[in-house]
Amino acid sequence: MFKKFVLVCVSVVFVNCKSDVKEVKEDNNLQAELEYKAQAVLGEGAFWNYKTQELYWIDIDSKRFNIYNPETKTNKFLETPSKIGTVVPVNDTIVLAALEDGVYKMNINSGTSTLFTGMKEDLFESRLNDGKCDPAGRFWVGSMHNQYETGKANLYSINSDSLLVKKIDSVTISNGIVWTSDTKTMYYIDTPTSQIRAYDYNNETGDITNARVAVQIPESLGMPDGMSIDEENMLWVGMWNGNAVIRFNPITGKVDRKVNVPAHNITSCAFGGKNLDTLYITSARTDMTDDELKKYPLSGSVFKVVPGIKGVKSHFFKEK
1 MFKKFVLVCV
11 SVVFVNCKSD
21 VKEVKEDNNL
31 QAELEYKAQA
41 VLGEGAFWNY
51 KTQELYWIDI
61 DSKRFNIYNP
71 ETKTNKFLET
81 PSKIGTVVPV
91 NDTIVLAALE
101 DGVYKMNINS
111 GTSTLFTGMK
121 EDLFESRLND
131 GKCDPAGRFW
141 VGSMHNQYET
151 GKANLYSINS
161 DSLLVKKIDS
171 VTISNGIVWT
181 SDTKTMYYID
191 TPTSQIRAYD
201 YNNETGDITN
211 ARVAVQIPES
221 LGMPDGMSID
231 EENMLWVGMW
241 NGNAVIRFNP
251 ITGKVDRKVN
261 VPAHNITSCA
271 FGGKNLDTLY
281 ITSARTDMTD
291 DELKKYPLSG
301 SVFKVVPGIK
311 GVKSHFFKEK
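Numbering (the UniProt record's numbering), first residue to last: 1 to 320.
If you're looking for bench data, these hints aren't it; they were derived computationally from the structure.
Incorrect hints may have been included.
[What the hints assert, rightly or not] Listed below are the simulated BS3-like cross-link pairs for lysine-lysine, each with C-alpha atoms no more than 27 Å apart in a straight line:
1) Lys51 / Lys73
2) Lys320 / Lys51
3) Lys318 / Lys37
4) Lys51 / Lys318
5) Lys120 / Lys152
6) Lys166 / Lys254
7) Lys274 / Lys76
8) Lys73 / Lys295
9) Lys152 / Lys166
10) Lys51 / Lys152
11) Lys295 / Lys320
12) Lys184 / Lys318
13) Lys318 / Lys76
14) Lys294 / Lys254
With the hints as extra help, turn the sequences into a complete structure.
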């Protein structure tokens, strides 16, 4: 499909930086348990399909799109032709899959795929990484340089016409992205910054303005990766090299609570279950020493916790 391209870079001026994040008290900590044992090299991209009651998740390096059913405790997967950064559903049978050269429509029954938005020129020496759909149904997806070079990546949005819009440039590792229930604020993570940034959001146009730092995360907690949002508009972030998912208050910039996970590199999370009261958590085995793998043998598995707080329905991609 012919790709229409619009360049809309954001001028980033950070204000109201909060840097007083501290470890949460131990009595507020939660403990995740094993849900599905796996050895994913780079488990990522947790997305709860509330229509089918299934967890979508991926193994980037193994080029696998997984569909896990918690009721039957079964996991099926589709192999992809290149590394897969994230998946979002379109309807009962079609998903958008972010691959190395662009975004594809994939049939989850047959495994066949067709190019939806080609991005080969934009992804020179890079690949697509994390992403989600906004409340209007646009697909937001970011990239990262294959050698992790600073500032070589971007954040894009794609609408139902396959219109590709560059939203933020000079990113390094584009990761978690969520929107508040009133659609007025977008939160976004560029992992090496150790920040969760907030933007004023126009849901009708997809415009983002007034960039600012909502949370500055100390190195002692790990590096922020994938992110989910709950019904109280609090942020749940998987912590790479942090053995945990942490709930951050983006208004105060402080840690609210912590979910300890028996794995080292925690990559993403999504609220699921019929009542959206279970947090599913993905993890990775890559970038771990032999000693770390011995200490955390379940790394690469999917975990869960019931935190006493409900999530919200994740958005599907909206077709014409």
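Status of the hints after comparison with the structure:
1. Lys51 / Lys73: Roughly 17 Å between the alpha carbons, so the hint for Lys51 and Lys73 holds.
2. Lys320 / Lys51: holds, 20 Å
3. Lys318 / Lys37: Roughly 33 Å separates the two Cα atoms, so the pair is violated.
4. Lys51 / Lys318: Given that 27 Å is the threshold and the Cα spacing comes to 15 Å, the pair holds.
5. Lys120 / Lys152: holds, 14 Å
6. Lys166 / Lys254: Violated - the C-alpha atoms of Lys254 and Lys166 are around 31 Å apart, more than 27 Å.
7. Lys274 / Lys76: holds, 20 Å
8. Lys73 / Lys295: Measuring from Cα to Cα gives roughly 25 Å; hence the hint holds.
9. Lys152 / Lys166: Satisfied, since the Cα-Cα distance of roughly 13 Å is no more than 27 Å.
10. Lys51 / Lys152: violated, 37 Å
11. Lys295 / Lys320: This hinted pair is violated, its Cα atoms lying about 49 Å apart.
12. Lys184 / Lys318: holds, 19 Å
13. Lys318 / Lys76: holds, 25 Å
14. Lys294 / Lys254: violated, 32 Å
Going down the numbered hints, you'll see the structure goes against 3, 6, 10, 11 and 14, while the others check out.
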